[in-house]
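**Student:** In terms of the UniProt record's numbering, the sequence shown opens at residue 1 and continues consecutively.
Bear in mind the hints are in silico, worked out from the structure with no lab data behind them. Worth double-checking, as some hints may not be accurate.
Listed next, the in silico PhoX-like pairs over lysine-lysine satisfying Cα-Cα at most 20 Å (straight line) [unchecked claim]:
1. 212 <-> 263
2. 87 <-> 102
3. 95 <-> 263
4. 94 <-> 263
5. 251 <-> 212
6. 251 <-> 272
7. 251 <-> 135
8. 94 <-> 56
9. 272 <-> 135
10. 143 <-> 87
11. 87 <-> 56
Cβ pair distances, simulated, as ranges [to be verified]:
12. 273 <-> 152: 38 to 48 Å
13. 201 <-> 114: 19 to 29 Å
14. 92 <-> 114: 13 to 23 Å
15. 53 <-> 74: 43 to 53 Å
16. 207 <-> 137: 23 to 33 Å
The C-beta atom is built at its ideal place from N, Cα and C for all residues, glycine as well.
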Amino acid sequence: MTKSARTRWNCGRSHLHIPRNYMDLPLLKWELNFRLFAGNDADEFSSILNRQHNPKILITTCRFNSTRGPAFISELLTVIPNAHYFKRGTYDLKKIVEYANKQDFTSVVVVHTNRREPNALLVIGLPNGPTAHFKLTNLVLRKDIKNHGVPTSHQPELVLNNFTTRLGHRVGRMIQSLFPQNPEFKGRRVVTFHNQRDFIFFRHHRYIFETKEIKKIESKGKKDEDGKSEKVPDHKIIARLQECGPRFTLKLVSLQHGTFDSKGGEYEWVHKPEWTQAEGCFSCDLVFELCILDGLSVGIGLIWRRG
Numbered sequence: 001m002t003k004s005a006r007t008r009w010n011c012g013r014s015h016l017h018i019p020r021n022y023m024d025l026p027l028l029k030w031e032l033n034f035r036l037f038a039g040n041d042a043d044e045f046s047s048i049l050n051r052q053h054n055p056k057i058l059i060t061t062c063r064f065n066s067t068r069g070p071a072f073i074s075e076l077l078t079v080i081p082n083a084h085y086f087k088r089g090t091y092d093l094k095k096i097v098e099y100a101n102k103q104d105f106t107s108v109v110v111v112h113t114n115r116r117e118p119n120a121l122l123v124i125g126l127p128n129g130p131t132a133h134f135k136l137t138n139l140v141l142r143k144d145i146k147n148h149g150v151p152t153s154h155q156p157e158l159v160l161n162n163f164t165t166r167l168g169h170r171v172g173r174m175i176q177s178l179f180p181q182n183p184e185f186k187g188r189r190v191v192t193f194h195n196q197r198d199f200i201f202f203r204h205h206r207y208i209f210e211t212k213e214i215k216k217i218e219s220k221g222k223k224d225e226d227g228k229s230e231k232v233p234d235h236k237i238i239a240r241l242q243e244c245g246p247r248f249t250l251k252l253v254s255l256q257h258g259t260f261d262s263k264g265g266e267y268e269w270v271h272k273p274e275w276t277q278a279e280g281c282f283s284c285d286l287v288f289e290l291c292i293l294d295g296l297s298v299g300i301g302l303i304w305r306r307g
């Protein structure tokens, strides 16, 4: 490799520019984004995100349910449109996945619980995966939220924040595939997944528009006995948010190819406690990305995210 401002890494017919100069970093960022996200139109979620199919979600539990599990599932059914609950019973998870495939479901969501409350979510994309395992913490049900609202049946607007890396982009598209792609804005309902330091914070709100009376001073109007200008009442429309619940936090544990297979499954990504933040995160300041093109490893790029 030459000591030029930019070194070309030749790997067969694929080329990646490795920067030697700070000014080359934006170009590398664009090239990595193009290569990493070029296959989105052909991934497992494209038919739903392109509105070719409507999402249909099956929600079930693990075999051991908790006291707060049914309440959490009931609230999930109000969050996700076209979601249906099926009692787990003694059925094996693979049998449930087979049944969901035959009934044209697009995803299966399994709520795992310990003896007290839900502690994990398993999201299985159908018919060909992938399967995401999330740790669930900080669950707050609707009844425990002060001044909570009651959601309507309108299809919500979906907001995803900071899913900017290759892994984050894939997880974000998986979350998108759970919701219809034609939000009904007149319902003023918003579902937010906000990623921060690998924790995904979930919130469910609705907009409320209120008319507030304000007092406007008229300088050219009549004056009162003290010689001061009169305050004429005026009305102003203000918007505020009302939380509908539930409220919880997710952390990705693993992402598996295909549908759930605890023994022979191939994993795309597995969280390891010894990893640093930059190696496994969805969005961070320094991100090391491994570029894969045509099955060939073509280089490791260093992206400097500014702002």
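**Student:** Using the Cβ atoms, figure out if residue 92 sits within 13 to 23 Å of residue 114.
**Tutor:** For residue 114 against residue 92, whose Cβ atoms are near 20 Å apart, the range 13 to 23 Å holds.
**Student:** With a cut-off of 20 Å on the C-alpha distance, tell me whether residue 251 and residue 272 pass.
**Tutor:** 12 Å, holds
**Student:** Under the criterion that the straight-line Cα-Cα distance not exceed 20 Å, is the pair residue 87, residue 102 satisfied?
**Tutor:** Holds, at roughly 17 Å.
**Student:** Would you mind confirming whether the straight-line C-alpha gap from residue 94 to residue 56 stays at or under 20 Å?
**Tutor:** Holds: residue 94 and residue 56 sit about 18 Å apart, inside 20 Å.
**Student:** Take the C-beta atom of residue 273 and the C-beta atom of residue 152, compute their distance, and say whether it sits inside 38 to 48 Å.
**Tutor:** Roughly 42 Å apart at Cβ, these two residues keep to the hinted range, so it holds.
**Student:** For the pair we were handed, residue 143 and residue 87, check the Cα-Cα distance against 20 Å.
**Tutor:** Given that 20 Å is the threshold and the Cα spacing comes to 23 Å, the pair is violated.
**Student:** With 19 to 29 Å as the target window, see if residue 201 and residue 114 comply at their CB atoms.
**Tutor:** Given a distance of about 22 Å, which is inside 19 to 29 Å, the answer is holds.
**Student:** Taking the Cβ atom of residue 207 and the Cβ atom of residue 137, is their distance within the range 23 to 33 Å?
**Tutor:** 28 Å Cβ-Cβ, so the 23 to 33 Å window holds.
**Student:** Hey, residue 251 versus residue 135, does the alpha-carbon distance stay inside 20 Å?
**Tutor:** 5 Å, holds
**Student:** How does the Cβ-Cβ distance of residue 53 and residue 74 compare with 43 to 53 Å: does it lie in that range?
**Tutor:** At 26 Å between Cβs, range violated.
**Student:** Hey, residue 272 versus residue 135, does the alpha-carbon distance stay inside 20 Å?
**Tutor:** Given pair residue 272, residue 135 holds - Cα atoms ~14 Å apart, limit 20 Å.
**Student:** Would the pair residue 251 and residue 212 pass a check requiring their Cα atoms to be no farther apart than 20 Å?
**Tutor:** With Cα atoms ~41 Å apart, residue 251 and residue 212 exceed 20 Å; violated.
Checked against the numbered hints given earlier, the structure breaks hints 1, 5, 10 and 15 and satisfies all the rest.
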